Amino acid sequence: MSAFNAIGEEREIDRDEYTPGVEPQPTWCPGCGDFGVLKSLKQALPEAGKTPEEVLTVTGIGCSGKLNSYLDTYGFHTIHGRSLPVARAAKLANPELEVIAAGGDGDGYGIGGNHFIHTARENHDITYIVFNNEIFGLTKGQTSPTSPKGHKSKTQPSGSAKTPLRPLSTSLNAGASYIARTAAVNPNQAKEIIKEAIEHDGFAHVDFLTQCPTWNKDARQYVPYVDVQESDDYDFDVNDRAEAAEMMRETEDVLNEGTVLTGRYYVEDDRPSYSQEKHAVGEMPDQPLAERYFDDDAEWERSYDLLERHT
Amino acid sequence: MSDELIWRIAGGSGDGIDSTSQNFAKALMRSGLDVFTHRHYPSRIRGGHTYVEIRAADREVQSRGDGYNFLLSLGDSFARNPQEEAYYGNEEIKPLSENLDELREGGIIVYDEGLISEEDVEAVNLHERAEENDWHVFPVDLRGLAKEHGREVMRNTAGVGVTAALLDMDLEHIEDLMSDAMGGDILEANLEILHEAYEMTKEDHDFEHDLRVPEGSHETEQALLSGSNAIAYGAIDAGCRFIAGYPMTPWTDVFTILSQNFPDMGGVSEQVEDEIAAAALAVGASHAGVKAMSGSSGGGFALMSEPLGLAEMTETPLVLIEAMRAGPSTGMPTKPEQADLEHVLYTSQGDSQRVVFAPGNIEEAYEQTRLAFEIAWDYQIPAIIIYDQKLSGENTNVDVEFFDRDPQPDLGSTLTEEELREAAHDNSGKFKRFNHEDAENGVAQRSIPGQKGGRYLATGNEHSPVGHISEDPDNRVAQMERRLEKLESIRAELDEERDSTQTYYGPDDADYGIITWGSSQGAVSEAIERLNAQGHSVKGISVSDMMPFAEKEVTEFLESVDEAMVVEMNATAQFRGLIQKELGRFGDKMTSLLKFNGNPFEPAEIVEGYEVNLADEDRQPTAQVRIEPAAGD
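So the protein sequences, as listed, match chains A and B.
Heads up: take any position in the first sequence, counting from 1, add 694, and you land on my numbering.
Heads up: take any position in the second sequence, counting from 1, add 87, and you land on my numbering.
In isolation and in its complexed conformation, chain A is listed as follows (with noise of 0.2 Å):
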């Protein structure tokens, strides 16, 4: 094993290892909804078996954008809705990386939405975190793209005219093999949640309903949940593309009217990662590229002369 790969070694691993020391303390609003988020995955991440050294998480911008100032991995805050080019490019370069990016419903699905659609597409191996409080937290409660219909921000005071997106439909129509939606106030379901979708090999979706008590007051998230998977009245094969489309339709619907929806919407284990299927093409290489560069033994001659053909 090369000295730059820290990965493999088998040890317990302390949830406080993801906890930074003194400095800083989280900005984010007493009562925020991404309180739950960070709590979820510190303790995901060592019940998945991850060091913090293996792991790189990739934000965006927003109060979203603050997660991996308060986790202590190896963290990329980028710009605004662009996690997930700068992500599913670190896992490229380093499929061992444990990759997870974050960021808001405004960063993700507004600025960020063609990435979001391509990355799904192409199912890299990345979970992808998506803070959905249907606002614009830091820059001061606009209306984003999941606000419900008629909200009215100090941007479209006579209440928003645009139908919200839906974005676990989006997620599974763009090739997501693993979509689910979780609550920052369900925290035993969201850590669950987070497990499975770091284990998950593919572009794992997870649509985490965070409330904002600054500037959504009146959001969804604080109505009780329903745990699809726990629930009598909910019967469906997360593995069936179908059933799984219909209850993504349902929770959406729903959500609008005041229900809210949890749970595992689809489950695709059997989808190659674009890696793997990047791999099967011949255009991606055996070894992590990354780890080449730390490599004295490998072999770095051009695979041919180029120059041969010009001569």
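To be clear, the hints were calculated from the coordinates, so they are not data collected in a lab.
Note that the structure is predicted; figures quoted are calculated from it, not measured.
One or more of the hints may lead you astray.
Unchecked claim - Computed spacing ranges between beta-carbons, pair by pair:
hint	chain 1	residue 1	chain 2	residue 2	range
1	A	P724	B	V564	16 to 22 Å
2	A	N808	B	E549	24 to 30 Å
3	A	N882	B	V564	42 to 48 Å
4	A	P851	B	D675	29 to 35 Å
5	A	V975	B	E549	40 to 46 Å
6	A	T953	B	V564	51 to 57 Å
7	B	S130	A	D999	32 to 38 Å
8	A	N808	B	G303	49 to 55 Å
9	B	S130	A	R996	30 to 36 Å
10	B	S515	A	E944	44 to 50 Å
11	B	S647	A	D999	42 to 48 Å
To be verified - Only some residues are given here: those of chain A computed to face chain B with a beta carbon under 8 Å:
hint	residue
12	P718
13	A787
14	M978
15	R986
We treat Cβ as the ideally placed atom computed from N, Cα and C, and that holds for glycine.
Fit chain B to the given chain A structure using the hints.
This is chain B only, laid out in the frame that chain A set:
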């Protein structure tokens, strides 16, 4: 007898003009000549007027030259649209009629009478014009000949056979190249056509012209390659193994070359959804420990502004390529211009800085791409190669020995795990990645995700030494100053430890100076040669260091001349503006010679510009070139 051959092959896009000219240029190079190719094409897939020019001589050739002396006009097969009211109408004559203005006196015309009718030829007064200009016209049924022995598309080969016969060339190199490129029936048919055309021409025509292929020889093995090849190979030899991009002319060439080669050398190429993603992917791969690059042309590069700033703030090494074409907006997609300089220098918010090199020829493109990677990884700063459609597509021969084919996988200022153990950490065990206390030349050493003891947060926000978001004023000033110090250190390194990346022409003691940058270099150097041969006293500098600016060299140059003319392909004198901004003087010493019609400078235009400018005449040199007076004039 002319000491050079400038051969132009014209036809429709899709007629195989490019591949035929590549082979012919290579055959000329193998026969011992120096060659330079120039490609002119429209932004469409099939049909439309396109040509490639090959200049060959027994001396260094650095530009397309002025005009040309041999036209092989194939006829645009895609112009023959069966639907009468087709959008492009009947343009079969265009490969002949569109090319006559620049054909030199005494030149040769071969046209395909199988595609271009006698009526069409008469309609453009070819015969009259031929008499006036002493042109030698050879109508040959190239299409018929090709059809008879193979397929219509092989009329290119027939044209090459006719060319070889008229120029009294040996067919050996052409045959070799054909055998390398194809096989079986196709090769056989092509060779048959080649010989038939050659013999037929020798038999049927009396040669009154004195144009022949010059004789030459090379002492060392030569390779014929384009600016795009040189940039791509420079990246490969710099250890780059990750590229992400989105297609856009003319950047697509570099992207394609690397995408085709990376699978064989363990690299990864990604074609992604847009240019923001492309640059962000390169940042992500670099962050994870791979030498990575991305690039685009003007409009696509505009989208990269944000990831560029992110790379700078997070001190993630990165190389971006900017292949200019005429703008604004999508402008003229297949035409060269040097008008993105300010865009590349100043895009992205804040006191943003990057390294920018503008290579002026194939060798510089290779060397400066390697240098860009080295500096980007040593100093953890984005480096940009800015060039244009002209340099991208032109092919010249380069000594094979010039290329140092030894990839450099060194990640510059990156620590190993052993070194990380000794490095500074904060009390929670986080690595002080952005530590301004021990920084040298502005560079704080970095770790790569996965390394033990290297945990930190990279953020595009202002941050503390371990990467926490910080708005502390003292930290802000310390971090800003450290980052700003990088450019000064790079300037010092370029000045003190490396050969100049600027190129000089003409005698040191000349009293008139011509300053240029990028791909205009070749035409300028040739113009300077001619001016001095005419008895003028002119020297030139071609500047490559745009940021950090080649302050010392340009100052010395401008101080040493009485007057200077800045030659560049744009309408707003961007490079002259940069000189004035960087040096804060010389505004009254510099005039500008500008061209922005979509075609590169030819040496004669620069010679004329110089003459008009020097004579202080109240006129512009030609309809296509502008003089912009010195500041204050």
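Status of each hint after checking the structure:
1. A:P724 to B:V564: 16 to 22 Å: Given range 16 to 22 Å: violated, Cβ gap about 33 Å.
2. A:N808 to B:E549: 24 to 30 Å: Once the Cβ atoms are compared, 28 Å apart, the range 24 to 30 Å for B:E549 and A:N808 holds.
3. A:N882 to B:V564: 42 to 48 Å: Check passed, 47 Å falls within 42 to 48 Å.
4. A:P851 to B:D675: 29 to 35 Å: violated, 57 Å
5. A:V975 to B:E549: 40 to 46 Å: holds, 42 Å
6. A:T953 to B:V564: 51 to 57 Å: holds, 53 Å
7. B:S130 to A:D999: 32 to 38 Å: With a Cβ separation near 34 Å, B:S130 and A:D999 satisfy 32 to 38 Å, so the hint holds.
8. A:N808 to B:G303: 49 to 55 Å: This hint holds: roughly 54 Å between Cβ atoms.
9. B:S130 to A:R996: 30 to 36 Å: holds, 34 Å
10. B:S515 to A:E944: 44 to 50 Å: holds, 45 Å
11. B:S647 to A:D999: 42 to 48 Å: This hint holds: roughly 43 Å between Cβ atoms.
12. P718: holds, 5 Å
13. A787: Since the shortest Cβ distance to chain B is 4 Å, the answer is holds.
14. M978: Because about 6 Å separates A:M978 from the closest Cβ in chain B, which is inside the 8 Å limit, the hint holds.
15. R986: holds, 7 Å
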